[in-house]
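Residue numbers (the numbering used here), protein chains in the order written: chain A, 28 to 578; chain B, 206 to 426.
Please keep in mind that the hints were generated in silico from the structure rather than gathered at the bench.
Hints may contain errors.
Simulated coverage check for chain A against chain B, where a stretch passes if three residues somewhere in it have a Cβ under 8 Å from a Cβ of chain B [claimed, not checked]:
| hint | segment |
| --- | --- |
| 1 | 183-195 |
| 2 | 245-259 |
| 3 | 419-425 |
| 4 | 432-444 |
Calculated lysine-lysine pairs in the DSSO-like style (CA-CA distance at most 30 Å, straight line) [stated by the list, open to error]:
| hint | chain 1 | residue 1 | chain 2 | residue 2 |
| --- | --- | --- | --- | --- |
| 5 | A | 59 | A | 204 |
| 6 | B | 364 | A | 499 |
| 7 | A | 499 | B | 310 |
| 8 | A | 499 | B | 421 |
| 9 | B | 417 | B | 364 |
| 10 | A | 279 | A | 394 |
| 11 | A | 59 | A | 279 |
| 12 | B | 364 | A | 483 |
Where a beta carbon is used, it is the ideal one built from N, C-alpha and C, also for glycine.
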Amino acid sequence: MSTVVSDAQERIRATGGRAPNVFRRGEWVPMKQYPENEAVDFVIVGTGCGGSVLAAQLAEAGHSVVAFDAGAFYRPLEDFASDEREQEKLYWLDERISGGDHPIELGSNNSGKAVGGSTVHFQMVALRFRPEWFTSRTSLGYGHDWPVDWREMWSYYAKAEDAMKIAGPIRYPWGPKRGRYPYREHELSASALVLAKGAEAMGVKWCGTPTASLSAPRGEAHPCVYRGFCKIGCATNAKQSMLVTFVSKALKHGAEIRDLAMVGRIEVGPDGRATGVHYHREGEWRFQKARNVVVSGYSIETPRLLLNSACPAHPDGLANSSGLVGKNLMVHVNDAVWGIMEEEIRWYKGPPSLAVCEHWNYEDEGKDFDGGYAFMSQGPLPTDFATSLVSNEGVFGHELRKWMSHYNHMAGLKMVGETMPQETNRVELSDETDALGLPIPKVSFSYCENDRKMAKHAERFQGEMLRAAGAKSLYHTSSTAHLMGGCRMGDDPASSVVDAAGRSFDIDNLFVCDGSLFPTAGGVNPSMTIVANSLRIADRIIAMARRGDLH
Amino acid sequence: MAPADPAIRTTPFETPYPDYDVLGKWDSVSFNDATRRVVADRLQNVPERRFFDEPTFALLRAVIDVVLPQPERAERDRIPVEAWIDAMLYENRSDGTRYAGAPGKRAAWTAGLAGIEHEAHRRHEKGFRALSADERHFLLACIDAGEADPAAFDGIDAKSFFRGHLLKESVKIYYAHPFAWNEIGFGGPAAPRGYLRLGPDDRDPWEAREAKMPQKIRGLP
Ligand SMILES: Cc1cc2nc3c(=O)[nH]c(=O)nc-3n(C[C@H](O)[C@H](O)[C@H](O)COP(=O)(O)OP(=O)(O)OC[C@H]3O[C@@H](n4cnc5c(N)ncnc54)[C@H](O)[C@@H]3O)c2cc1C
Ligand code: SF4
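I would like the entire structure built from these sequences, with the hints used as guidance.
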């Protein structure tokens with residue numbers, strides 16, 4: 028496996044006053060380090076869209092920051108192979124239990140484990156929420172309102188898009204006007220043109236997907252070479268993951284990153300406040316003192332850590348007086364329609380989802396369900412495509428090999444559909460433990476009636492569009508993508524875990540900042556919303572510190 | 206789930222890309238060092254059997270030959286899917302999900318393969334390996350259709366094992382092999398050089414040329 032390529036997973040790299048330079052082979056950048064027995068201003072658990080953004084912004088504002096990640100610190104140029112099996116090293120593959128009526132697939136499906144978090148292998152679709160979703164209860168009659176005004180989020184989306192140099196269209200056809208994307212749109216691939224053709228034929232709008240992959244050089248990073256391996260890690264650094272953006276920025280401003288460091292428990296002092304974290308690194312449990320602790324481990328590990336940190340003062344877990352830690356976990360319905368085109372599509376080339384249709388996010392007429400969905404053109408790599416084919420169709424034998432030999436003629440449309448928040452969809456601790464002695468999380472998930480109606484609607488609509496584009500032999504697959512929620516933010520301590528600044532209502536020096544804050548899922552891929560929200564939270568925390576309102 | 210036209214199932218597979226060899230790009234800018242190391246390891250270091258005993262491993266191989274038959278390849282060119290399944294179980298590698306109420310991978314594979322063997326005895330009074338090619342295929346199709354005897358499968362769900370473990374793991378291994386990339390015309394490794402021509406019916410000179418249309422599936426064009 029991965030030891031064939033490098034020892035990033037075996038040996039810590041961010042140590043001795045230096046961390047890997049992600050833009051160069053074998054090179055390093057200087058890294059500030061902090062002693063464990065002196066409290067740093069912020070300990071941050073996780074370095075994905077939530078953790079790395081906060082680390083960069085807080086360090087830039089002059090705070091001392093140590094950010095932990097259970098995963099490895101890769102140099103994409105030398106550590107990433109063009110190979111699906113090898114790149115499984117980017118995923119959170121520790122065993123978790125998945126139950127409920129519609130148990131979700133974890134691991135590669137929605138969970139990353141690397142410095143940079145799940146963005147190291149995300150597909151770079153960079154969309155914004157529809158403004159009304161921030162008040163979905165008041166404006167649209169379902170879910171919960173966000174404790175933030177959409178205009179504020181809108182301004183932070185623009186900052187996030189600039190920080191990640193999103194390549195996007197000049198004019199985005201849905202929603203209120205937004206500024207120009209910082210980088211020009213990518214050329215549309217054949218698979219994107221299938222969506223375009225189908226949408227034109229049906230008379231609905233479509234557009235080139237705003238994408239977190241460079242369409243022109245940026246500093247030491249080269250533009251996208253359309254190699255199409257984005258979902259398993261970009262070996263050219265065109266992808267604007269957190270690893271090559273905010274993690275680099277955090278280091279530059281004096282944050283320390285600890286790789287291969289799993290935080291197991293948050294310690295709470297006699298005054299009921301967090302005092303630091305217990306973490307496992309290089310074979311032993313260690314303790315880092317902190318004035319404030321931020322949990323950014325995403326929708327499963329964040330609740331897991333809070334629940335596992337239960338202590339006499341907080342017997343049900345930290346930040347959990349509402350009883351909502353781990354609850355209201357959401358996913359996106361990720362059902363797809365596939366078909367065979369006469370022409371060669373060769374969808375392995377380029378970012379896989381270069382065209383998008385948000386029609387059913389912005390159109391409310393003609394729906395028998397709440398919420399919305401977007402869908403995009405597709406370009407799965409061979410084993411990714413084959414696993415979805417066999418698990419949905421059960422095809423095997425010569426027929427399987429024949430089916431797979433249509434690979435270069437295939438096209439597909441896949442939805443990102445908003446599921447409803449439900450308390451029974453949740454993360455709990457099981458009574459089994461992992462190799463470090465930490466309780467294994469148990470995830471329960473069941474679709475509700477509304478989720479299923481949406482999936483049906485999308486199956487019909489996507490099928491019609493694919494057929495209109497000329498595809499034949501259509502078939503349908505079901506799956507889920509992304510995680511949202513589990514530690515809802517809100518204004519009311521009884522119905523949310525943290526406030527609009529990510530601050531726990533129960534412990535004032537404990538924060539959550541990642542995808543688990545989402546009150547509702549929205550019908551778009553989540554990362555830009557997480558990055559924008561984290562930039563917003565960073566500004567609030569910095570302002571609190573200036574006011575002397577922090578520990 | 207057997208297709209209407211039996212010829213579609215039984216006609217052997219033929220690749221539309223007979224003159225494509227992805228490994229021909231080995232020394233080109235489509236391969237970087239990391240990829241070369243990984244692919245070389247896959248080709249040269251096929252893991253030895255360590256988890257299953259010999260008869261079970263032979264049964265697994267027979268099952269794999271139904272799931273992904275490779276009659277056109279000489280033994281030394283055959284993609285030995287079973288070897289990596291055995292290695293995964295020996296190393297006890299997880300893929301991050303264990304479904305509630307379902308056993309871990311090791312237990313699932315052990316019970317699943319034993320179940321296939323039991324089912325063969327129940328239906329034909331002989332072991333799976335003693336069955337004809339058609340009988341083997343039909344037996345697996347029955348398992349996929351949910352028609353297996355639950356008692357034979359020792360507490361695991363036969364169909365979930367078949368799709369969720371057996372088929373899924375097999376294709377993950379098979380289609381990660383350069384010979385499989387060849388047969389489907391996949392571009393394969395592509396770093397640092399990616400692609401320039403992205404449009405329909407267009408390809409770069411270093412991509413596979415389709416010599417004939419792919420064969421029909423399920424009687425559909
Ligand atoms: C295959 C795939 C494709 C995707 N494609 C897109 C896309 O195209 N567009 C989009 O917007 N989104 C996409 N996403 C989703 C997106 O990547 C995530 O929503 C986002 O990264 C979540 O950010 P986060 O900060 O909440 O968590 P993550 O980015 O997952 O970061 C969490 C980090 O915390 C670390 N961690 C967790 N617990 C601990 C602990 N106890 N101690 C130490 N470290 C810990 C983990 O190792 C991880 O690195 C995709 C996701 C996947 C899996
Ligand atoms: S297509 Fe572009 S973003 Fe994707 S892996 Fe290749 S270079 Fe990176």
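- Message: When the structure is checked against the list of hints, which entries are broken? Sort them ascending.
- Response: 1, 5, 7, 9, 10
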